[in-house]
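Listed below, chain by chain, are the residues.
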Amino acid sequence: MIFQKKLFLLPLLLVLGSTASAQSLSIRGLVTEKETGTPFELVQVTLGTTADSLIKGTITDASGFYEMSSLFPGSYVITFKYIGFEAYSDTIRLDVGTPVIVKNASLLTAEKELGEVVVSEKNIEKATSGLTTIRPKQLRRTPTPSLAGDLVSYLQTQPGVAAVGDRGGQLFIRGGTNSENLVLMDGIQVYQPFHIVGMFSVFNENIISKADLYAGGFGARYNGRVSSVLDVRLKNGNLYKQNWSVDVSPFVSGAFYEGPVKQGASSVMVSLRGSLIEASSGLYLDQQQPLRFNSQLIKYNSTNNKGINCSSVLMRTYDRGWLDYSSDNVFKWSNLVGGGTCASVLPNSGVSYIEINYGASSFSNEVISDGRRERFSDLFKIYFDLNLVQNVGLVRLDYGFLGNYVQYKHDISELLLFRDEAKEVQLNSGLYASANINPFESLSIDAGMAVVYFATVKLSMEPRFSLQWKPRVLKGGGLSASAGVYRQSEVGITDYRDAGTAFTTWMKVPDPDKLMEAYHGLLGWHQPIGNTLNISIEGYYKDVQNIPVTVWSSVPQPTSDLTYANGEIYGADAHIDFNYRNFYSNLSYGYSWVEYSSKQGSLGSGFKEPVLKYHPIQDQRHHLNAMAGLEFKRFALNIGWAYGSELPFTKPNGFDSFFMFREFVPEVTENYGSPRILIEKPFGGRLPSFHRLDASVEFSFSMFKTKMEFQGGVLNIYNRENIFYYDVSTQRKVTQLSLLPYISMKISSL
Amino acid sequence: MKHVAYSLLALTISFCSIACESTFEPIDESKGYNFSMYGTLNVEADTQWVRVMPVGETLIPSDSSSNGTVVTITRVSTGDTTVMNDSLFVFRYGQALAWNYWTTEKIYPNEVYRIDARNPEGKTSFAIVETPSQLEHPLVQYSGPDARGIAKGSYSKVFVEVSVKYIVEFPLTVTTEKVKFSLLNNVEYSNEGNYSVSIPNGIIGISSVFKIPESRFRIVGSELIIASGGKDWPDLSNLSEEEIFLPESVKNVENGVGLVAGVALLRMPLKSCYNDEGVHIPCEPLN
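Protein chains in written order, with numbering that gives the first Met the number 0: chain D, 0 to 749; chain E, 0 to 286.
Some clues are possibly wrong.
Unchecked claim - No farther apart than 20 Å at their CA atoms in a straight line, the calculated lysine to aspartate or glutamate pairs in the EDC-like style are these:
#1 Lys331/D - Asp377/D
#2 Lys680/D - Glu240/E
#3 Lys164/E - Glu662/D
#4 Lys680/D - Asp27/E
No wet-lab data here; the hints were simulated from the structure. What you are looking at is a predicted structure, and each value in this text was computed from that prediction instead of being measured.
Taking the hints into account, I'd like the entire structure generated from these sequences.
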């Protein structure tokens, strides 16, 4: 605890010391894409006496922000470069009368080769441990039945990311459950952005600027989750030109529009998506897929001549369907989120950059059985956060404040069996600070602390640490490591005894003294080889504590009784990317080991173990993914093969009808008894492994000032019978999609 | 470029070659559970009933075949073995079927019996059952209308069941239901070896169970049940409900699951507390 306090004081001391060094000259600014005003990350910014000379250089951060300090008075040429965009240079003059100059820049798209851009980005990126940055162009590389590539399809190709099946929208990231993952959209929390058809989400390639997936070891800015963060940044609508597209496939149709509201100053972007699979499956599949989803998103963006960029976004999603088509249970969920963000570079201030986020997120999910609302869980969250950047000498400080208020309401009572309904609220507030230091050119260290006060629970001090080391001898390669403490005050309970569920009960942690808690440690190495090959490998370890899980019982009925589990998670992910001209490919492998230990109330003694140890549903040991693609003139070919080793399920020893010898002597002629599942341990069995081969071919051409695209493809080419889940109660095997051919079409403005 | 195309083609073909059907065995048979056996051997009864079912592959079996199961009962001290008769019972409006096996062989107190189940494939399960001493019939004193009466007697061992069972008629739906109330916690034991227990009239309890007023049902039959268990009667006092449900927690069946216990169980019909017009009246005192 003493160590934690000292660590937290470090950035504060650096802030206080900032006045002493604020007299040096500096230049700072925001770099955006000219067409949309979207912040531009990884732009090379150089300062010299001519356009070709170099005195100082840096790259823009995720917000498009850069700053160079400790400069001398004089005239300089500042140049902004990014492959695929036209370089921009300007002459600036620094003098002691203006210690800080703000220089914003917008870069205009040039003709570019996609493959080169991707490789170059990988060479520039800091290779933060646990982080995978996903760009919209990559999404189309996963063969999915839509010409608007989707983030969730791509995520499932990443090692360490496991899905139960192709329905339900539940993702497990490096041993963490769906409710332990934080999903942000322009800073707004979205509780369930993944659609009921597992290949689709609200995030398609038309609307995203980039997505950062932190599979662990994330920094102090992110809080409230113990496993991972998916930080999605939406792009802005085009400030100068109207663009539109309409796409249709047997699974989904979509429409997209972007255009200026005020030329060069403000824009709007609209995206609509709706499923078609429910209707189309009846026409050409042997089994109708009773799954429906839709989403609507609108984003407004404005920028003024003082460099203040503001945007607001409103999004709604709706999902409904049967995960097991022959059961009575219908799952439904919806999100309604809205919020805004404003960011600006500050002149004449010790604080260089300010960003404010605010908004509200509402989520509702329910189970309907025989037309009756059997269970539901709703929540409503409002939030505000303020994020600041300050450079103090060679130290960059990121710090800020956050506050949120959440209302939870649920009723999971089982008719005539038990009652469980509650309404509760939670108020959270916190501070975070993180200092980035580069003691050597090749070494970057981040040390930070999040201090979160869970008003109805307790104070949480969460130190975070990461480093990147890129010695010259590795020629662009480097080592990265991170570690941190993470806590979570809200829990999402899913009764994973039944894998075929998509229902989650959201609530505060049941015991205020037991916040969910995780300790992460990551160590990775990445190595580019030339301009065509990238290799990376990363190991991780997570120690998780106080994970609420449902009490295990051999009685085949839902339960709301909770107990706590502690867990140990470790594994390693490896990636090989090979891109050559118009050919790209990657091979990834993930190994993961997850074990929970739980006292399970008094049940542990029944298993003749003081503590029950088991491998929960997300314990997928091996995950292998191979993707390849080729672009040739107007054609593009994509092929992908995925393998996931056996997922745990509860394997019964059989079934019988049980008589309780308590208070009454059994009367076998009068009563049937209680149906009982004979089990030794939860998740004691394993489902067969999953593997599937998908492929698609795309063809595009221009006609009448529009671009026409056609896609033909096949899912599950060799018709593998992949089991989605096995219903222990009904002994029914529910399978995933079988061989499925499709044709898609897209028309868009040029 | 051709090399790439050929490589992809080869890859596709190799993937297709592994498109074999997955073998999936959802039931783990390693525990060797052959039969589920539940029931009692009652030294006070003329007929003994034991539930014997193969450990199923489905939660609620609907197969009406007994699969050739033979159930025998053996008096260990004499070696006398009797084949029990099978009888198919239908529960849950025909959705659930169960095989009960019965015999009218005399069951002696303080004896050891062995019940065996065997199917044609040779799979077996068995239970060893020890019977208790016989019970002394209690004396029932009627009163009313708040209490039905008091049962008294002497005891040698704490009871495993003291209950009153009502047969309830619902005139509106012309249906009858059976409902039992445990009196086990109400029994007062004296140091002299006597016990007494108050018997409720059942009206309040039945109203509460069925959530209807007294005017919508009538009690058409009732009986007092008193039982004491043998040495193998399970002690559940330190087990949670979840633990009791575990297959290995409460059992005396080898190569199977379940419990067959010895018991001395008496049933004594109680006198009606209704007049000829069906109106509830104070119960007639016995003494």
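* Asked: Honestly, which of those hints from before does the structure not fit?
  -> Hints that this structure does not satisfy do not exist here, as all of them hold.
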